[in-house]
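Undergrad: Single-letter residue listing:
Protein chains: 2
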Amino acid sequence: MKTPQDAFTTYLSEKNLKMTPQRRLILDTFIDEKQHLSPEELYDKVKKVDPSIGQATVYRTLKLLVEAGIVESLDFADGVSRYEVSWGEEHHDHLICERCGKNIEILDDVIEKRQEAIAKEHGFTLSHHKMYLYGLCSKCGRKRS
Amino acid sequence: MKTPQDAFTTYLSEKNLKMTPQRRLILDTFIDEKQHLSPEELYDKVKKVDPSIGQATVYRTLKLLVEAGIVESLDFADGVSRYEVSWGEEHHDHLICERCGKNIEILDDVIEKRQEAIAKEHGFTLSHHKMYLYGLCSKCGRKRS
DNA sequence: AGGTGGATGAATATGCTTCTCAATACGGGA
DNA sequence: TCCCGTATTGAGAAGCATATTCATCCACCT
Ligand SMILES: [Mn+2]
Ligand SMILES: [Mn+2]
Ligand SMILES: [Zn+2]
Ligand SMILES: [Zn+2]
Numbered sequence: 000m001k002t003p004q005d006a007f008t009t010y011l012s013e014k015n016l017k018m019t020p021q022r023r024l025i026l027d028t029f030i031d032e033k034q035h036l037s038p039e040e041l042y043d044k045v046k047k048v049d050p051s052i053g054q055a056t057v058y059r060t061l062k063l064l065v066e067a068g069i070v071e072s073l074d075f076a077d078g079v080s081r082y083e084v085s086w087g088e089e090h091h092d093h094l095i096c097e098r099c100g101k102n103i104e105i106l107d108d109v110i111e112k113r114q115e116a117i118a119k120e121h122g123f124t125l126s127h128h129k130m131y132l133y134g135l136c137s138k139c140g141r142k143r144s
Numbered sequence: 000m001k002t003p004q005d006a007f008t009t010y011l012s013e014k015n016l017k018m019t020p021q022r023r024l025i026l027d028t029f030i031d032e033k034q035h036l037s038p039e040e041l042y043d044k045v046k047k048v049d050p051s052i053g054q055a056t057v058y059r060t061l062k063l064l065v066e067a068g069i070v071e072s073l074d075f076a077d078g079v080s081r082y083e084v085s086w087g088e089e090h091h092d093h094l095i096c097e098r099c100g101k102n103i104e105i106l107d108d109v110i111e112k113r114q115e116a117i118a119k120e121h122g123f124t125l126s127h128h129k130m131y132l133y134g135l136c137s138k139c140g141r142k143r144s
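For the record, the sequence lines run as chains R and B.
Just so you know, we're using numbering that gives the first Met the number 0 here: the first sequence kicks off at 0 and counts up by one.
Just so you know, we're using numbering that gives the first Met the number 0 here: the second sequence kicks off at 0 and counts up by one.
Be aware that a few hints might be false.
As the list makes no split between identical chains, a pair holds if one copy fits it or if it spans any two.
Stated by the list, open to error - When the alpha-carbon atoms are kept at most 25 Å apart in a straight line, the in silico DSS-like pairs for lysine-lysine are as follows: (1) K119 - K101; (2) K101 - K129; (3) K119 - K142; (4) K129 - K119; (5) K119 - K138; (6) K112 - K138; (7) K14 - K44; (8) K33 - K129; (9) K1 - K62; (10) K1 - K138; (11) K62 - K129; (12) K33 - K46; (13) K112 - K129; (14) K138 - K14.
Think of the hints as simulated: they come from the structure by calculation, not from any bench.
Let's have the full structure, built from the sequences with the hints guiding it.
TA: Here is the structure:
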């Protein structure tokens, strides 16, 4: 499978857009950080390599990466949007501790199949879904204040 | 079971807060509209009855209603927060058409049980979850542009 | 009546995200 | 190589939903 970088280059040229040093740096930095990053956090990382970069460019590039199907946007309901590199990765959902923020990636075939079935029952063609499970992890559950 | 209004009154007095005409009007209006309302939409409805009401009061009251467990906040990824009255209603999730906005409430026992099981496997105590299925409804799917 | 604490509306502030704009970089053709 | 059109960029301003501030108001108790 193509690397995310190659996929991005391909996507850009298809749209008559250009691969630039800034875009390359932003994607490379994102891939290095295997995390659920907010635009601001990614901007901070990128600035360490190229302090002249503007945060508008980070927002714009994230938008492009989502359109290109290389990155997915997440929603942990913590006030900022978050992203993760999804290219070449298996789909998964998230189990989140509301106290400490611990975040576990989960995947359940039974659920995924039922989601498809439910959509079909209603005549829908499913394009994607979001599922977030919120609760307390074992550590935080014990010392519940 | 208590009505949402009674539940709200109870909650307020427990917290040494007061039931006011504004709060009563906001909840009554919300209950009349069996919809997924945004704060702005609710504000517009309420203003028709009492034009002197402030939108800060709508935001504040919605927050209280969520805390009281009478209302739930939703996230349809359309740029605004949305709410629905959940008191006395069965939990459900949503199936959303990305083209026309059609919104179907769904509930699947298999999924709900698996969610609990997954959380347990990871030592989590689940407090709640969000699940949104996005796609195209039968109408919009046919005339795909 | 006077006092106390919550509630309110208008205005202002906040925080994340997007847009505007002038300057710059790039790439293909003369 | 120079020219030209287009895409890109960074800085700052603007948008937009939501939260907060603050002076006033009101309900209730003594
Ligand atoms: Mn899933
Ligand atoms: Mn559910
Ligand atoms: Zn935890
Ligand atoms: Zn539709």
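Undergrad: It remains to establish, for every hint, whether it holds in the given structure.
TA: Do the hints match the structure? See the list:
1. K119 - K101: between (34 Å within a copy, 15 Å between copies)
2. K101 - K129: both (18 Å within a copy, 17 Å between copies)
3. K119 - K142: Classified as between: cross-chain Cα gap 17 Å, same-chain 43 Å, threshold 25 Å.
4. K129 - K119: both (17 Å within a copy, 20 Å between copies)
5. K119 - K138: between (40 Å within a copy, 13 Å between copies)
6. K112 - K138: between (32 Å within a copy, 23 Å between copies)
7. K14 - K44: Classified as neither: same-chain Cα gap 28 Å, cross-chain 44 Å, threshold 25 Å.
8. K33 - K129: Both. Shortest intra-copy (20 Å) and inter-copy (24 Å) distances satisfy the 25 Å Cα cut-off.
9. K1 - K62: within (20 Å within a copy, 47 Å between copies)
10. K1 - K138: So K1 and K138 fail the 25 Å test inside a copy (40 Å) and across (36 Å) alike.
11. K62 - K129: both (18 Å within a copy, 24 Å between copies)
12. K33 - K46: within (18 Å within a copy, 48 Å between copies)
13. K112 - K129: both (14 Å within a copy, 17 Å between copies)
14. K138 - K14: Neither: 48 Å inside a chain and 30 Å across chains, both beyond 25 Å.
Violated hints, listed in ascending order, are 7, 10, 14; each of the other numbered hints is respected by the structure.
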